Amino acid sequence: MKDLLTPRERFGLLVIDEPQDRVPVFPLVTAHAARVAGISVRDYYTDGVAMARSQLVAQETYGIDFISFFSEVGLVAEALGSRYDYPEDDLPLLKRPRWESLPDLGHNPNSSAESGYVPRPADPLSDGRLRVYLDAVAYAYEARGDTVPILAYVPAPFTTAQQLVDQEAFLLGLLTEPERVKELLSYATVSIVRFCRAIIGAGGLPILVDPLASGSVISTEHYREFALPSEAEVIRYLHRYDLDVVLHICGDTRATIAMMPETGADLLSIDRIEIPAAVAGAGQRCRIIGNYDTSSILLSDPQTIEREITEMMKAGRSCPKGFVAATGCEVPVDTPPENVRAFVRAAKEAGVNSGYGCLTSRTRRTSQTQ
Amino acid sequence: MSAERDQGIKGPRDRVPEWADPKPERVTFEQWLELFDRVPDELIERYHYYGNRDAWSKYLFPPQTFSIYGARHLRRLRFDNSLASLRMWGFVQNETERLFRARQTGRRVIATMGDLGAVPVIVNSFPGCVAFYPDCIWWTPFVMESRVLFDAAAELGIGDAACFSRAALGAFAKHSYFPDPDLVVASTGASCDDYSGVEQLAERFAREMLWVEEPLRKECRNPNGECRMDCEAGVRLLTQEYERVVEAMNRVTGHELADDELRAGIARANAVRRTVSRLRELAYGRGVLAALEMMVIEFGNLHYYSDTDEWTAVLDHLLATAEGRAARGESIVDDDALRVVWVTPPADPLLLTYVENAGARVVGTEYVINQALEVIDESGPPLEAIAGSFMAASLIGTSRARAESVVRQARERQAEGVIISGILGGSHCAMDTRLISDHVKQELDLPVLEFDVAPPSKEIGLQLQTRIDAFLEVLRSRR
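Chains as they are written, first to last, in the numbering used here: chain A, 873 to 1242; chain B, 74 to 552.
I should point out that these hints are in silico values taken from the structure, not numbers from a laboratory. Since we're looking at a predicted model, the values are computed, not measured. Among the hints, erroneous ones may be present.
[To be verified] In the EDC-like style, the derived pairs of lysine to aspartate or glutamate whose C-alpha atoms are separated by at most 20 Å in a straight line are: (1) A:LYS1193 - B:ASP127; (2) B:LYS531 - A:GLU1014; (3) B:LYS131 - A:GLU1014; (4) B:LYS291 - B:GLU447.
[To be verified] Pulled from the structure, derived: some chain B residues nowhere near chain A, Cβ distances all over 10 Å: (5) MET217; (6) LEU289; (7) ARG359; (8) ALA399; (9) ASP407; (10) ASP409; (11) THR471; (12) ARG481; (13) GLN487; (14) ARG507; (15) LEU519; (16) LEU537; (17) ALA543; (18) VAL547; (19) LEU548; (20) ARG549.
Every residue gets a Cβ at the ideal spot worked out from N, C-alpha and C, and that includes glycine.
Taking the hints into account, I'd like the entire structure generated from these sequences.
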């Protein structure tokens, strides 16, 4: 069935609390787009035009309501000095973080450093692969920006910080050197804000992604003390532009869901949490994006997916602020295309708003010139 | 920063950080991003529409915000670099959301179509009512560089052979550009035929449609060409039609409009019209505002971008900026720029940017909204006064009357040329353009450039660029 609205029109209504013709559909197709377009995954994340073309092909092939750019959470950390390997047909792998232990960045006046050294923030135009994203956003925006929202995932400060320092040292630092962790978060935030600004200039809507702040990795207390304030700082910046901000935290967020609206996020993209629990925790303040299991979309069959998506939609449509039918995390690279199609088909069918545009609430009248 | 340059943000209602506009300049999309970095959060927090204080009613945002939501053409325009201009663009670009928020906050949303300026004066006099023109959506395909609305209109039977205003029909069909109106007041008659067609096709999407007849303006000329307008019958007819509008609004709102309310509505409309009149003098006479911003300002007279009070404040801010520039002898266009009068509003705003980039400045306009520029008589019976002002409408009279307005402005501002941007398929353009062109040449011996605006695109077509460049070269050579 042909849609009445374009994805952009649909998203526009969602973010101003208006009903849409149907629920927006957003399986998080990121590097899987490389498979759809028939290019190597490495080409996807090292060449902005290739990334954009892959996403355009995937968006059209599947009929998805968004174009979203993402490869891995180390993007900003790489631009700040962490080293990554680029396997031919897999996502970048962290080879060596910039620091083996928590650095003394000297931001804190109570720091014991005799002379705090603050390395320069990342330049979005020249450091790491940030430019790849910007090129991709600009290309896709010119190609389809009138009809489809162009999203760019930006790793949040907490996730970025864990890619800058040996992860064990970082997590231990949460307990033993919290001030140094906060200095590091501040340092990462500066580069992240700069990157967001560049994405805005290119025509993309930044999405904040903070998977390493999930309950699968840290405690509720640490989320509140470390991750949440830095997420909120980036979101405050994005709100200067009146942007509708998505915060994506995959993994288990059952313990933190009620706190997540405090970041200021307008939409929460969730993973391992039941939708009714997400609605109870955050649904009065945020739209919910979620949350079909990614292992199911990889391993299951289309019939099962359709059945499960129909069930998910029943729960999702109870969200008072609105719902986007999505996967809980990225669609795995090797997901069979028929499974993604099944997801999209089922979500669109179950998400139709049959009352959209009907003028049934009042009597329709016509009066003629006398 | 100099306090005396702190234009439009003075006053006791808020303590705001000092803001000094930079030297007047037309800046690019990217330059506005740099400027916006300097805008303090307190200023962003200051401006709200509908007198609301919720976060959704803020509107001081840069072109980038609207670009991200699809307004791709903004990336190619040049903007006035003042805070007032930023405020104006943010306010105008925000209108779709504002209309939905109007409905969400309990206001009645009334679509007014076709007459371009008169009926909103009545509608906005009703408490809690907001008038808007779907007609103005004709800019949306250009601003978004998109055929989406045209395609939607084509599916309903009105295709590329019709005026760009058909975009309004696509918007009705989609229910996503404005809330379904509580009432549609559709004016037709001695006006644009294409748009009458759009209105008829849009009726299926209206809860209630009230048709209003626009009379022809009789213009009696003696052998010397002097004209005597005979408007009595027209005013009589229109007054009756407006009485029907009032009746319909009384019924829709459940509120009986009082004479005082209507008079107050006229006074508010006139305040806007007087401010715009002064801005026209300053911009077209002194070059303190550019043509792009002025087109947005002039069209604000139609329905005040759905919030009369806030639009009035935006205009006051712009006027303070313009007067400040005039007092300091500043201008946003080159002193020796070529002076042109622009006839018929360009659906593609990039045309204004292009012409100004090429070294011209607009010193007068005939944007077919003369009726919205006239100050309404506040002394007589109010509906009759609104009808009387409407009789100045550009499109209900002869092409000769439009041509005379162009000639008058060209003489007053020593214009060196006239540009007429026509609309392929626009019924009045097909007739008016040549007649206006001939009259200007005959009366003033000025070069006239006529062209049809091309469908939405990322750039001005090369052929048209060449024609504009050549035209301006001719004007230069005549100096």
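Cross-check of the supplied hints:
1. A:LYS1193 - B:ASP127: 16 Å, holds
2. B:LYS531 - A:GLU1014: 9 Å, holds
3. B:LYS131 - A:GLU1014: 28 Å, violated
4. B:LYS291 - B:GLU447: 18 Å, holds
5. MET217: 5 Å, violated
6. LEU289: 15 Å, holds
7. ARG359: 33 Å, holds
8. ALA399: B:ALA399 clear of chain A: closest Cβ-Cβ about 32 Å, beyond 10 Å.
9. ASP407: Given that every Cβ of chain A is farther than 10 Å from that of B:ASP407, nearest at about 28 Å, it holds.
10. ASP409: Label holds. Min Cβ-Cβ 34 Å, cutoff 10 Å.
11. THR471: 23 Å, holds
12. ARG481: 34 Å, holds
13. GLN487: 41 Å, holds
14. ARG507: 32 Å, holds
15. LEU519: 38 Å, holds
16. LEU537: Consistent with the label, B:LEU537 stays out of reach of chain A, its closest Cβ about 21 Å off (over 10 Å).
17. ALA543: 29 Å, holds
18. VAL547: With a cut-off of 10 Å, B:VAL547 remains clear of chain A, as the shortest Cβ separation is near 35 Å.
19. LEU548: At roughly 34 Å from the nearest Cβ of chain A, B:LEU548 sits farther out than 10 Å, so the non-interface label holds.
20. ARG549: 34 Å, holds
Hints 3, 5 from the list above are not met by this structure, while the remaining hints are.
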